[in-house]
Amino acid sequence: MFERLDIDGVLVIGAGLGGLSAALAAAPRPTLVVSPAPLGEGCASSWAQGGMAAAFGADDSPALHAADTMVAGVGLCDPESVAVLTREGPGAVRALAELGAPFDRAPDGRFAQSLEAAHSHPRVARVGGDGAGRAIMSAVIGAVRANSHIQLMEGARALTLIQDTSGRVLGALLQTSGGQRVEVRAAATILACGGLGGLYAVTTNPTTSRGEGLGLAWLAGAEIVDPEFVQFHPTAIAVGGDPAPLATEALRGEGARLIGAHGRPLMAGGHAEGDLAPRDVVARVIATELAAGGGAFLDARDAIGSAFPNHFPAVYAACRAAGIDPRREPIPVRPAAHYHMGGVAADLHGRTSLPGLFAVGEAAAAGVHGANRLASNSLLEAVVFGRRAGETARDCCLLSTQSMTALPAAELPAPVMAELRLRMDRFAGVVRTHNGLDTLLGWLEAQAGMLGEALPLVAARLVASAALDRQESRGAHFRADFPATAAIPIHTRLRRDDDILRTRAA
Numbered sequence: 001m002f003e004r005l006d007i008d009g010v011l012v013i014g015a016g017l018g019g020l021s022a023a024l025a026a027a028p029r030p031t032l033v034v035s036p037a038p039l040g041e042g043c044a045s046s047w048a049q050g051g052m053a054a055a056f057g058a059d060d061s062p063a064l065h066a067a068d069t070m071v072a073g074v075g076l077c078d079p080e081s082v083a084v085l086t087r088e089g090p091g092a093v094r095a096l097a098e099l100g101a102p103f104d105r106a107p108d109g110r111f112a113q114s115l116e117a118a119h120s121h122p123r124v125a126r127v128g129g130d131g132a133g134r135a136i137m138s139a140v141i142g143a144v145r146a147n148s149h150i151q152l153m154e155g156a157r158a159l160t161l162i163q164d165t166s167g168r169v170l171g172a173l174l175q176t177s178g179g180q181r182v183e184v185r186a187a188a189t190i191l192a193c194g195g196l197g198g199l200y201a202v203t204t205n206p207t208t209s210r211g212e213g214l215g216l217a218w219l220a221g222a223e224i225v226d227p228e229f230v231q232f233h234p235t236a237i238a239v240g241g242d243p244a245p246l247a248t249e250a251l252r253g254e255g256a257r258l259i260g261a262h263g264r265p266l267m268a269g270g271h272a273e274g275d276l277a278p279r280d281v282v283a284r285v286i287a288t289e290l291a292a293g294g295g296a297f298l299d300a301r302d303a304i305g306s307a308f309p310n311h312f313p314a315v316y317a318a319c320r321a322a323g324i325d326p327r328r329e330p331i332p333v334r335p336a337a338h339y340h341m342g343g344v345a346a347d348l349h350g351r352t353s354l355p356g357l358f359a360v361g362e363a364a365a366a367g368v369h370g371a372n373r374l375a376s377n378s379l380l381e382a383v384v385f386g387r388r389a390g391e392t393a394r395d396c397c398l399l400s401t402q403s404m405t406a407l408p409a410a411e412l413p414a415p416v417m418a419e420l421r422l423r424m425d426r427f428a429g430v431v432r433t434h435n436g437l438d439t440l441l442g443w444l445e446a447q448a449g450m451l452g453e454a455l456p457l458v459a460a461r462l463v464a465s466a467a468l469d470r471q472e473s474r475g476a477h478f479r480a481d482f483p484a485t486a487a488i489p490i491h492t493r494l495r496r497d498d499d500i501l502r503t504r505a506a
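Quick note, the sequence shown lines up with residues 1 to 506 if you use this note's numbering.
The hints are simulated quantities; they were obtained by calculation from the structure and are not laboratory data.
Simulated restraints, written as ranges between beta carbons of each label pair:
1) Leu99 - Ala486: 42 to 48 Å
2) Arg264 - Gly155: 46 to 52 Å
3) Ala272 - Gly57: 19 to 25 Å
4) Gly142 - His434: 46 to 52 Å
5) Gly100 - Ala268: 42 to 48 Å
Ideal placement from N, C-alpha and C gives every residue a C-beta, glycine not left out.
Take the sequences, apply the hints, and build the full model.
Here it is as structure tokens:
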């Protein structure tokens, strides 16, 4: 028997920016936020360097921001979702500023904004150059702790979702860090447990971000959209860190350049936008250079130079900790798993295909990122759609008292997890092929057969299976054996009953 906890309100699984935004918006409904780590730790939101994209400039507009987002998504963005994101963007930034987020300001008091890759205008609101995520999360955490309708359960994670016989989600079975299991029943359940960068050996995400929300939703029967689209940030600092520290794109926005081992410009003539080309383009150039035995470096000596410690303190500190002085030498870089565009299918209010279940943030596929996320749209999405989901979830009623608790997902031994990460990097990374993906799937299915459906295995199989089935290159998904982009963009849509994760010959 498990301890039982009933909430006449909302259960939020995950405590990144999307989950906490939803929790705040659910007021005054009682809300329980479950986090595997203390608030502000172990979530990618706190690590975001670039900032939040929003159209504030006199020569900018939400329509222009939307147009850039649609182009980056390569035909797979939902126009209505993008319109909501970009229209509500400025208000989201202002709301965070009112909570105390100390965005950088211009001399006239307006938000200072930077240019990042694939944006047509400078529109990224930053904090201290490269500290937006932590500063924003600090302000939001302060608001969460001050709201009496929110209860926190830190040091706990979800093992499975609880459903009734109709499929409605009634809560989740949780496990605390001490091993205690708690069955939580709630009127609405919001998945906000982040992405899946931790499935890869080299990632800028917390290594605990292993697609658990994706796995929980798929095992419960929810629809999953476009899991093959994983964005690799081209300029992770290549010093062997796990996770890899990040050299923000804003460095290139201020003039830093990518060079090879002998100073040759890597992006010269390769794309009209040069060093500020879309992330997938830059990541492939660097990956190709490294695969050929060369080196890749970000040279900020002339563009940033002596201003580095003040303008980009987080990047500067990461470099100095690794024995690199970016004021005087180039920074070694390499692509790293950074953001998952796919996820649990969610509408404009975070509702999934299962009654009672919502999804927000990187766990969700709300239609705003398509095949390739536009830089600095992720924190914005977390706030805009987190708030919408929380407002909708607070009005949910617990319609069923009958439940059917599923068995907890299997645990994955550490050696298997380590091997999984290496194989995901090798076979489902920046450049993919049929043979590599098929080999990966054979191994993943063999592990599932021996160990059971552990959540990281489920998430990895969703990525690999969808990547194998998508016989084209689009956005962040690049198939060396299918380099062309199909004329008609088509979403991948998966449900457990569809038998998509069928066995393939290794």
